[in-house]
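These are the residues of each chain, in order.
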Amino acid sequence: MAAKRDNGPLLDVQDLNVSIPTSSGELTVARGISYQVWPGETLAIVGESGCGKSLSSLALIGLQPRRAKVSAVRCRFDGQDLLSLDAKQMTDLRGTKLAMIFQDPMTSLNPVYTIGDQLAEVYTCHGLGTKRDAVDRATFLLERVGIKNAAVRLGQYPHQLSGGLRQRVVIAMAMMCSPKLIIADEPTTALDVTVQAVILGLLKELQDEFGMALVLITHDLGVVASVSDRVAVMYAGRIMETGATDQVFNSPTHPYTQGLLDCIPRADGRGKGTRLHTIPGMVPSLVGRIDGCAFRNRCSRVVPACATGEIAVRSDTQGHDYRCVHPGDRLLADWRVRAEAPV
Amino acid sequence: MTALLDVREVRVEFPIRRGLFQKPRILHAVDGVSFTVKRGEVLSLVGESGCGKSTLAKTLLGIHAPTSGCVTFAGKDLKELDRREIARQIQPVFQDPYSSLNPRKTVEDLIALPLDIRAQATSSQRREAVAEIMGLVGLSRRSIHAYPSQLSGGQRQRVAIARALITRPELVVCDEPTSALDVSVQAQILNLLQDLKEKFNLTYVFISHDLNVVRHFSDRVAVMYLGRVVELGDTEEVLGRSLHPYTRKLKQGVLVPDPSHRLPPPIFDGGFPDPTNPPSGCHFHPRCPDAGEACTARRPGTVRHGSSTVACHLYTGLATGHDAANEKLEDA
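Protein sequence lines correspond, in order, to chains A and B.
Taken in order, the first sequence gives residues 1 to 343; the numbers are from this note's numbering.
Taken in order, the second sequence gives residues 1 to 332; the numbers are from this note's numbering.
Chain A with its partners taken away, still in its complex shape:
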């Protein structure tokens, strides 16, 4: 769906830093993250475990660990400064204008309350109506997310539902107060492949129908390519590359993005029996400062300039940004040659 850009971004994050003091030093999970989400669009934040993609998003809505330090130049959602809200204002905001979907529906639903109680609570505790209205809305939404016999399901407990159904309930719960933005953290990772596409399709459908924006946090590039409008690739607490999904997948410009795409076994079976491309080395520790490019120790194109100072963001004409010292057209040309070489 084309994003509406008339009234400015719905979520505007500028230079977000999140760090957590630990016994071995300060763990910095977000190092100057900036992105915007426009009404109705889907932004995928992709990266490997421990790159800070979840924590940096949780910090936006005040769900970071208590010790964590969060700062940003700007962090505006729908006209409000998220970081200046007090606990009560944040609670009012969460669930109403801004909702969250977590990875594992078994742990995000309370096992001792019925589905109906849990859905209705979202509505009543924000003072949006009576219990009766809440149950009506819950029934409507359960049907909308494709659960048959909604009235019966409302009286059931989470353990009586399959994983796919539970995730539908969680989606319905996120929709209870018609949010403007949903942050979905690995919403389909715990699900079967056959259910994955269904849940993603449902999210997209609801998004089109109700005009929500979606921030999708995932490590699965297949999910990203299938549903997102724009992508931000994160590595070691930084956004390395961002652009429209087509641009990032068809013309990946940062060596890290290129490396990630190369790691995936080919769907057509080409390259069978050969070795997969790997990114040598490991994700760096996020404790302490990282000078220069965080990816340089694993990068095949490292030059002395990678080690010093802050790597500036380069952009091309169409809002495709990347954080690398090398000119993008050359990186891209070399990658194309590599990617198309016979295997």
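The set of hints was computed from the structure by calculation and includes no laboratory data.
Warning: the hint list may mix true and false statements.
[Claimed, not checked] In the DSSO-like style, the derived pairs of lysine-lysine whose C-alpha atoms are separated by at most 30 Å in a straight line are:
{"hint": "1", "chain 1": "A", "residue 1": "Lys272", "chain 2": "B", "residue 2": "Lys197"}
{"hint": "2", "chain 1": "B", "residue 1": "Lys58", "chain 2": "A", "residue 2": "Lys272"}
{"hint": "3", "chain 1": "A", "residue 1": "Lys204", "chain 2": "B", "residue 2": "Lys251"}
{"hint": "4", "chain 1": "B", "residue 1": "Lys197", "chain 2": "B", "residue 2": "Lys79"}
{"hint": "5", "chain 1": "A", "residue 1": "Lys148", "chain 2": "B", "residue 2": "Lys251"}
{"hint": "6", "chain 1": "B", "residue 1": "Lys249", "chain 2": "A", "residue 2": "Lys148"}
{"hint": "7", "chain 1": "B", "residue 1": "Lys199", "chain 2": "A", "residue 2": "Lys272"}
Computed from a prediction, not measured in an experiment: that's the story for all the values here.
Given the structure of chain A, go ahead and fit chain B onto it with the hints provided.
Then chain B, alone, in the frame of chain A:
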């Protein structure tokens, strides 16, 4: 050449007690599965959760005894082999290295566990064996006294692989070995498994739900649905030409990391059937676009087609006659 592993008509059933006074229902987790695996081959098992692939894996490891049927390994029935003997020759690598490694043991103790159980190695042999296998799986010596919590997911999976290989088994049963890992780590672990296979002439039974990984890694594939193998054959045959309607559906559900492929339409309307009360005839018929009358009535037999075998009435000639089956083949 005879098969290293021969699984014949294996059934594994579990009684499910629903209430104190109700008769237990029988869950047919594995329902008459047969296949063989040659030495040095990789056979993948694919299917949705609940299709019985993990139960089958545990049966191969001697953890579950088959209710009926038999598993023959290197010419011997598993039932006649001692548990330790099975463990020496058949080893597992599980999905989640966060739960498959004891958090209170060091890497050295974890890897040496199979040796300790057999109590045949002296302490210097033990140390040498651990050091050697750690080198082979790409773990640095510095981590020998580390605990799992100090290791990354990829390193933990390397520990699990080292532990599996220290007794030099012939068969390794990998149950979703890379599902919990990031793509870049997945690529490293798949390459490692490939290298070790060549080095030790290993045979793998490889369980995965990721068809791209399966296509890359395996020689043959068995597609399972509710405890039964519905299609079995060479990887390229099964995932390329795909005779069974279920295999085709599974393929449609794969999300391709290419934005020109948009989200596939939902593969199935209904949910996964209740495995304690499976549909009659062909278990797949309620979700099958090609289901006919015969499909609800009779369990399809296995039909050979080229290098594959398929259990579907489209090919047994019962569904809609031979013409329909032939048409299907031309489409494919």
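Hints breached by this structure: Failing hints: none at all.
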